[in-house]
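Asks: Residue-level listing of the chains:
2 protein chains.
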Amino acid sequence: MHAPSNNAGPLAGLRVLDLSRFIAGPHCAMQLGDLGADVVKVERTGTGDDTRAFEPQVNGESLYFLVFNRNKRGITLNLRDPRAQDILRRLIAQADVLIENFRPGTMEKMGCGWDELHALNPRLIMARISGYGQLGPLATEPCFDAIAQAATGLMELTGPADGPPTVAGTFVVDYCTALYAAIGVTAALEQRHRSGVGQLVDVSLVGSAMSLLVTAIPAQAMLGQATSRVGNRDRFTAPGDVYRARDGKWVFLLSGSDALFPRIASVMERNDLLSDPRFSTLKDRMVNRAAIESIVAAWVAQHDGDEIVSRARAAEIPGAVVSTIGDVVRNPHWREAEHIVTVKHRTAGEYPMHGLPIRMSDTPASIRDASPTLGEHTEEVFREWLGMGPEQVATLRSEGIL
Amino acid sequence: MHAPSNNAGPLAGLRVLDLSRFIAGPHCAMQLGDLGADVVKVERTGTGDDTRAFEPQVNGESLYFLVFNRNKRGITLNLRDPRAQDILRRLIAQADVLIENFRPGTMEKMGCGWDELHALNPRLIMARISGYGQLGPLATEPCFDAIAQAATGLMELTGPADGPPTVAGTFVVDYCTALYAAIGVTAALEQRHRSGVGQLVDVSLVGSAMSLLVTAIPAQAMLGQATSRVGNRDRFTAPGDVYRARDGKWVFLLSGSDALFPRIASVMERNDLLSDPRFSTLKDRMVNRAAIESIVAAWVAQHDGDEIVSRARAAEIPGAVVSTIGDVVRNPHWREAEHIVTVKHRTAGEYPMHGLPIRMSDTPASIRDASPTLGEHTEEVFREWLGMGPEQVATLRSEGIL
Numbered sequence: 075m076h077a078p079s080n081n082a083g084p085l086a087g088l089r090v091l092d093l094s095r096f097i098a099g100p101h102c103a104m105q106l107g108d109l110g111a112d113v114v115k116v117e118r119t120g121t122g123d124d125t126r127a128f129e130p131q132v133n134g135e136s137l138y139f140l141v142f143n144r145n146k147r148g149i150t151l152n153l154r155d156p157r158a159q160d161i162l163r164r165l166i167a168q169a170d171v172l173i174e175n176f177r178p179g180t181m182e183k184m185g186c187g188w189d190e191l192h193a194l195n196p197r198l199i200m201a202r203i204s205g206y207g208q209l210g211p212l213a214t215e216p217c218f219d220a221i222a223q224a225a226t227g228l229m230e231l232t233g234p235a236d237g238p239p240t241v242a243g244t245f246v247v248d249y250c251t252a253l254y255a256a257i258g259v260t261a262a263l264e265q266r267h268r269s270g271v272g273q274l275v276d277v278s279l280v281g282s283a284m285s286l287l288v289t290a291i292p293a294q295a296m297l298g299q300a301t302s303r304v305g306n307r308d309r310f311t312a313p314g315d316v317y318r319a320r321d322g323k324w325v326f327l328l329s330g331s332d333a334l335f336p337r338i339a340s341v342m343e344r345n346d347l348l349s350d351p352r353f354s355t356l357k358d359r360m361v362n363r364a365a366i367e368s369i370v371a372a373w374v375a376q377h378d379g380d381e382i383v384s385r386a387r388a389a390e391i392p393g394a395v396v397s398t399i400g401d402v403v404r405n406p407h408w409r410e411a412e413h414i415v416t417v418k419h420r421t422a423g424e425y426p427m428h429g430l431p432i433r434m435s436d437t438p439a440s441i442r443d444a445s446p447t448l449g450e451h452t453e454e455v456f457r458e459w460l461g462m463g464p465e466q467v468a469t470l471r472s473e474g475i476l
Numbered sequence: 075m076h077a078p079s080n081n082a083g084p085l086a087g088l089r090v091l092d093l094s095r096f097i098a099g100p101h102c103a104m105q106l107g108d109l110g111a112d113v114v115k116v117e118r119t120g121t122g123d124d125t126r127a128f129e130p131q132v133n134g135e136s137l138y139f140l141v142f143n144r145n146k147r148g149i150t151l152n153l154r155d156p157r158a159q160d161i162l163r164r165l166i167a168q169a170d171v172l173i174e175n176f177r178p179g180t181m182e183k184m185g186c187g188w189d190e191l192h193a194l195n196p197r198l199i200m201a202r203i204s205g206y207g208q209l210g211p212l213a214t215e216p217c218f219d220a221i222a223q224a225a226t227g228l229m230e231l232t233g234p235a236d237g238p239p240t241v242a243g244t245f246v247v248d249y250c251t252a253l254y255a256a257i258g259v260t261a262a263l264e265q266r267h268r269s270g271v272g273q274l275v276d277v278s279l280v281g282s283a284m285s286l287l288v289t290a291i292p293a294q295a296m297l298g299q300a301t302s303r304v305g306n307r308d309r310f311t312a313p314g315d316v317y318r319a320r321d322g323k324w325v326f327l328l329s330g331s332d333a334l335f336p337r338i339a340s341v342m343e344r345n346d347l348l349s350d351p352r353f354s355t356l357k358d359r360m361v362n363r364a365a366i367e368s369i370v371a372a373w374v375a376q377h378d379g380d381e382i383v384s385r386a387r388a389a390e391i392p393g394a395v396v397s398t399i400g401d402v403v404r405n406p407h408w409r410e411a412e413h414i415v416t417v418k419h420r421t422a423g424e425y426p427m428h429g430l431p432i433r434m435s436d437t438p439a440s441i442r443d444a445s446p447t448l449g450e451h452t453e454e455v456f457r458e459w460l461g462m463g464p465e466q467v468a469t470l471r472s473e474g475i476l
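Respectively, the protein sequence lines represent chains A and B.
In terms of this note's numbering, the first sequence opens at residue 75 and continues consecutively.
In terms of this note's numbering, the second sequence opens at residue 75 and continues consecutively.
Hints may be right or wrong, so weigh each one.
If chains are identical, the list can't say which one is meant, so a pair holds when it fits in one copy or spans any two.
To be verified - The calculated lysine to aspartate or glutamate pairs, modelled on EDC-like cross-linking and capped at a C-alpha distance of 20 Å, are:
(1) 357 - 182
(2) 357 - 308
(3) 183 - 155
(4) 418 - 465
(5) 357 - 401
(6) 418 - 155
(7) 357 - 473
(8) 183 - 443
(9) 418 - 346
(10) 183 - 412
(11) 183 - 358
(12) 183 - 350
(13) 357 - 412
(14) 357 - 174
(15) 323 - 473
(16) 357 - 458
(17) 357 - 380
(18) 323 - 236
Rather than coming from a laboratory, the hints here were simulated on the basis of the structure.
Quantities reported herein were computed from a predicted structural model and do not represent experimental measurements.
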């Protein structure tokens with residue numbers, strides 16, 4: 075694995091109970107685990123997290139589950155059983171942090187609302203992740219990443235200008251919500267050093283999505299400017315787009331500012347463009363956008379993608395070949411830089427996944443373990459956190475509580 | 075403004091020096107400011123952060139600058155002058171956190187490499203944000219959000235299946251990098267309570283982008299499955315897409331699982347589809363995707379968007395009208411829920427922007443101030459942090475140091 079086993083990250087010694095499913099909760103808890111916390115994931119007895127069933131699978135393990143649950147231990151609880159809810163409260167009494175993304179009201183139905191839990195464990199920090207927040211008229215509406223992208227205008231901003239609104243290729247809202255929640259949890263840890271008590275952190279998909287709109291909200295409200303999708307064209311300068319190279323590769327080039335335009339003209343050996351009145355200023359190029367973009371596109375089409383990018387970079391023009399995932403996985407640089415790392419799972423075997431986004435000099439984050447198999451650490455956690463022996467665990471299991 | 079002025083967030087009392095520009099650094103520092111830290115933004119004498127010049131502007135203030143720099147005080151320093159670099163070190167000696175996103179090597183040239191700063195102020199936490207990280211062969215290559223999207227495959231995942239790779243409509247990599255950096259900073263605060271010393275946090279655009287690829291890396295490496303763009307079609311089930319309604323609105327509907335498909339068939343009054351062998355199972359519907367999507371699309375086209383969504387929701391089918399930014403700004407719910415808030419700026423006046431993504435019960439985040447005008451708080455900060463009088467500040471200013 076990635077770091078020496080005696081390494082302890084900045085959150086080492088903290089106990090995190092992760093009741094969450096899918097992405098926004100699990101990715102939040104995984105950050106805390108990467109940073110050294112002891113994260114215990116609680117899953118439904120029998121089937122566990124729904125994402126364990128998602129395709130694709132390797133040796134019966136879902137890749138989806140593997141990439142959102144490293145550095146966690148796993149236990150099961152049959153949370154519909156009041157006896158399991160009682161055990162859950164005993165675990166929460168031992169935890170520093172609780173993370174959940176049930177539909178609002180579910181924790182209350184299990185006797186685990188914030189007031190009860192705060193009374194039970196005043197030092198507890200509880201992160202609640204939901205679609206629309208814990209309160210308000212929409213709180214119990216189902217919501218997930220694409221709904222939040224649609225409802226907040228984020229989807230309206232993505233895609234070709236003459237095509238439909240487009241969902242981002244990844245779960246951008248889920249990921250950002252996860253990260254906001256992790257910030258809230260760590261900030262609450264700082265506050266706990268002062269007050270001695272924990273607090274509730276309430277993070278929503280729509281609130282997170284709204285934070286990703288750049289200038290769209292004030293531009294609309296103050297200036298009546300409707301921000302919408304523009305494909306790959308730069309919103310503010312021209313030329314700037316994704317172009318197709320001779321070898322079929324897609325190339326992203328941005329050379330639209332008045333500083334960059336002479337460079338691309340020179341690289342294309344088209345200094346005549348600088349005296350073409352259609353392209354003299356940024357304003358002119360924006361008016362005659364189709365013309366200048368088609369000139370760049372025709373030039374790119376005569377060369378291979380890598381050649382275009384190396385010529386552009388030599389002229390200090392921002393550019394990149396658009397990598398396929400195959401390109402990314404085969405590029406040895408990403409492994410050398412540890413942006414892709416190999417993790418070893420007991421049944422799935424060795425698999426590559428993204429590395430540690432947060433690098434710390436003294437107490438580094440680390441990948442100490444792959445994701446747990448279902449209920450893998452139930453005995454171990456019940457012994458460590460609750461002082462239970464294996465017979466007690468066996469009894470609970472036989473009674474259908476675990 | 076949003077919260078009572080005597081409110082103190084979980085990071086109140088912490089001093090943050092923000093040297094960063096554009097999004098990834100400023101959005102990170104803004105999170106710390108929202109959570110109560112005293113964030114002082116240092117800008118270049120004369121013109122300040124480049125984004126102050128970005129369009130659109132209101133009363134001479136850039137909306138771009140306004141949305142990434144609330145809750146900060148502003149000072150200027152002419153950092154090319156060694157005397158300004160000396161003052162910078164004196165400020166850093168008083169800071170808990172330093173945030174920068176210069177090209178790697180720039181801080182070192184100013185005599186502000188990590189070793190110097192750690193010796194100067196052992197409690198300092200320094201967050202360094204860059205394209206490719208502080209070390210390695212690509213460290214000094216220019217990189218920004220779209221380059222990272224292109225280089226890591228994120229762009230390959232977004233857009234129509236038969237069209238070019240597409241950049242996400244927002245700066246998803248910049249935003250996530252900002253949030254990872256903020257997590258690193260707050261985790262380092264926790265560690266500082268144990269060790270008494272700060273540390274370096276190194277976060278990169280490519281490392282952050284790589285973390286957003288869901289299962290693409292292991293699916294490619296282990297199974298040879300190339301993840302690519304699929305427009306708005308759900309990757310795993312059918313039907314599921316963005317459809318155009320009679321009134322021109324776009325509607326996102328997801329009804330492809332075996333549980334959801336009978337519901338959409340019923341809502342469309344097309345229960346005959348359930349016995350159509352082309353659509354009986356998820357597998358069949360994936361094979362005959364074009365056929366089932368065109369049936370749903372034709373049905374949506376006969377009704378208005380809001381009607382479609384209300385019928386879908388009544389049947390517990392996830393769906394939403396794709397909001398334009400105009401829809402979002404006009405929807406009173408977002409203001410009631412404080413996902414859009416009004417901030418008052420001295421010269422730009424009142425403007426709406428996104429609210430607080432992180433809600434905390436005891437020590438809430440708050441919006442205490444709009445973004446600073448250039449150098450607005452120089453005297454105030456120099457007095458509070460360095461004990462300097464106004465005459466000294468005036469002298470430094472006359473010498474071109476501020």
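Asks: If the cutoff is 20 Å on CA atoms, where do residue 183 and residue 155 land: within, between, both or neither? Let me know, please.
Replies: within (12 Å within a copy, 63 Å between copies)
Asks: How do residue 357 and residue 380 come out at 20 Å by Cα distance, when the copy is not named: within, between, both, or neither?
Replies: neither (30 Å within a copy, 39 Å between copies)
Asks: Should residue 357 paired with residue 473 be assigned to within, between, both, or neither, using CA atoms and 20 Å as the limit?
Replies: neither (74 Å within a copy, 38 Å between copies)
Asks: Could you place residue 357 and residue 458 in one of the four classes (within, between, both, neither) given a Cα distance threshold of 20 Å?
Replies: neither (67 Å within a copy, 45 Å between copies)
Asks: Within a copy, between copies, both or neither: where do residue 323 and residue 236 come within 20 Å Cα-Cα?
Replies: Intra 23 Å, inter 14 Å, cutoff 20 Å: inter-copy only.
Asks: When Cα atoms must be at most 20 Å apart, do residue 357 and residue 412 count as within-copy, between-copy, both, or neither?
Replies: Neither: 43 Å inside a chain and 37 Å across chains, both beyond 20 Å.
Asks: Go through the copies and call it for residue 183 and residue 443: within, between, both or neither, with a Cα cutoff of 20 Å.
Replies: Classified as neither: same-chain Cα gap 33 Å, cross-chain 40 Å, threshold 20 Å.
Asks: At 20 Å max between alpha carbons, let me know whether residue 418 reaches residue 155 within a copy, between copies, both or neither.
Replies: This pair counts as neither: shortest intra-copy Cα distance 34 Å, inter-copy 51 Å.
Asks: Using 20 Å as the alpha-carbon threshold, which applies to residue 357 and residue 308: within, between, both, or neither?
Replies: The answer is within: 14 Å in one copy meets 20 Å, while 39 Å across copies does not.
Asks: Measure nothing new, just compare the shortest in-copy and cross-copy C-alpha distances for residue 357 and residue 182 to 20 Å and report within, between, both or neither.
Replies: neither (58 Å within a copy, 38 Å between copies)
Asks: With identical chains, the pair residue 183 and residue 358 could be close in the same copy or across copies; at 20 Å between alpha carbons, which is it: within, between, both, or neither?
Replies: Intra 63 Å, inter 39 Å, cutoff 20 Å: neither.
Asks: Please work out whether the CA atoms of residue 183 and residue 412 approach to 20 Å or closer within one copy, between two copies, in both situations, or in neither?
Replies: neither (44 Å within a copy, 27 Å between copies)
Of the numbered hints given earlier, the model fails hints 1, 4, 5, 6, 7, 8, 9, 10, 11, 12, 13, 14, 15, 16, 17; all others are met.
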